[in-house]
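K.L.:
Residue 1 is where the sequence shown starts when you use the numbering used here, and the numbers rise one by one after that.
Simulated from the structure, these hints should not be mistaken for lab results. Any given hint could be a false lead.
Said to hold, decoys possible - Within a straight-line C-alpha distance of at most 30 angstroms, the following computed DSBU-like cross-link-like pairs (lysine-lysine) qualify: (1) K105 / K52; (2) K164 / K98; (3) K112 / K45; (4) K160 / K52; (5) K29 / K52; (6) K105 / K121; (7) K45 / K105; (8) K40 / K52; (9) K151 / K112.
Unchecked claim - Computed beta-carbon distance windows for the label pairs: (10) S76 / Q55: 30 to 36 angstroms; (11) V153 / K40: 55 to 61 angstroms; (12) T102 / V155: 17 to 23 angstroms; (13) T127 / S76: 18 to 24 angstroms; (14) T102 / V161: 25 to 31 angstroms; (15) K29 / R67: 55 to 61 angstroms; (16) E49 / R106: 42 to 48 angstroms; (17) V155 / K40: 40 to 46 angstroms.
Given the structure is predicted, the values throughout are model-derived calculations rather than measurements. Where is the CB? At the ideal position from N, CA and C, for every residue including glycine.
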Amino acid sequence: MFHWLKQLFSPRTPFDSERVLALESEQQKLALELRESQQKIATLKEQLERQKNNQERLIKNALDAEREIFFTDTASAVTQLLTQAYLVEEEGKPVQSKDILTVAKRLIATLKDSGLTILGKVGERVTFDPNYHQPLRSNVTINASQGVVIKIVGVSFQGKVIRKAMVQVS
Numbered sequence: 001m002f003h004w005l006k007q008l009f010s011p012r013t014p015f016d017s018e019r020v021l022a023l024e025s026e027q028q029k030l031a032l033e034l035r036e037s038q039q040k041i042a043t044l045k046e047q048l049e050r051q052k053n054n055q056e057r058l059i060k061n062a063l064d065a066e067r068e069i070f071f072t073d074t075a076s077a078v079t080q081l082l083t084q085a086y087l088v089e090e091e092g093k094p095v096q097s098k099d100i101l102t103v104a105k106r107l108i109a110t111l112k113d114s115g116l117t118i119l120g121k122v123g124e125r126v127t128f129d130p131n132y133h134q135p136l137r138s139n140v141t142i143n144a145s146q147g148v149v150i151k152i153v154g155v156s157f158q159g160k161v162i163r164k165a166m167v168q169v170s
């Protein structure tokens with residue numbers, strides 16, 4: 001115990017104070033590095049947020065440009081269909097079916113140019129594929145590879161089936 005009290009009340013040796021100074025210096029360096037790292041992280045987070053916002057803006061602008069092209073391409077056919085509907089519904093004037101078909105075909109061609117794919121043709125005889133076909137009646141079960149007739153065409157966009165073709169057993 002005497003030895004312990006002597007150490008406690010004796011003046012520190014230069015070695016001990018140098019070690020304490022070295023440790024304090026190291027602690028200050030680490031604290032400074034920590035603050036710098038925290039500032040770098042904050043800066044990187046801000047940069048990431050700016051890049052994210054910039055990417056979102058670029059994507060939105062690209063989508064808006066694509067939509068504008070699409071609507072520009074379809075505008076003529078849509079306005080003609082609306083005019084023909086007005087003539088029939090409001091003015092009671094007859095519209096020739098071939099005029100409507102011409103406009104509809106032009107609209108479908110524009111949709112195809114934009115990536116829409118028509119699955120089959122009405123009246124076409126095909127082998128049933130549940131990935132592309134659906135029975136016309138819900139109470140009918142059709143086996144895969146059974147012969148069917150397309151009654152209503154299907155539609156896909158960029159390889160994804162949006163609406164299956166409606167079929168009937170042939």
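K.L.:
Starting from the range 55 to 61 angstroms, see whether the pair K29 and R67 falls in it by beta-carbon distance.
P.N.:
For R67 against K29, whose Cβ atoms are near 56 angstroms apart, the range 55 to 61 angstroms holds.
K.L.:
Between the alpha carbons of K112 and K45, is the straight-line distance 30 angstroms or under?
P.N.:
violated, 43 angstroms
K.L.:
Does K40 pair with K52 here, judged by a C-alpha cut-off of 30 angstroms?
P.N.:
Measuring from Cα to Cα gives roughly 18 angstroms; hence the hint holds.
K.L.:
Is it true that T102 and V161 lie within 25 to 31 angstroms of each other by Cβ?
P.N.:
holds, 28 angstroms
K.L.:
Starting from the hint 40 to 46 angstroms, judge whether the C-beta atoms of V155 and K40 obey it.
P.N.:
Distance hint for V155, K40 is violated at roughly 52 angstroms.
K.L.:
Check whether the Cα positions of K105 and K52 lie no farther apart than 30 angstroms.
P.N.:
violated, 42 angstroms
K.L.:
Taking the Cβ atom of S76 and the Cβ atom of Q55, is their distance within the range 30 to 36 angstroms?
P.N.:
holds, 34 angstroms
K.L.:
Quick one, are K160 and K52 close enough, alpha carbons at most 30 angstroms?
P.N.:
At roughly 28 angstroms apart (the allowed maximum being 30 angstroms), K52 and K160 satisfy the hint.
K.L.:
Does the alpha-carbon distance linking K105 and K121 stay inside the 30 angstroms limit?
P.N.:
holds, 14 angstroms
K.L.:
Range hint 55 to 61 angstroms: satisfied by the CB atoms of V153 and K40?
P.N.:
Given a distance of about 59 angstroms, which is inside 55 to 61 angstroms, the answer is holds.
K.L.:
That 17 to 23 angstroms hint for T102 and V155 (C-beta), does it hold up?
P.N.:
holds, 21 angstroms
K.L.:
Take the C-alpha atoms of K151 and K112, compute the straight-line distance between them, and say whether it is at most 30 angstroms.
P.N.:
Answer holds: K151 to K112 is near 20 angstroms, not above 30 angstroms.
Of the hints listed earlier, those the structure fails to meet are numbers 1, 3, 5, 7, 13, 17, in rising order.
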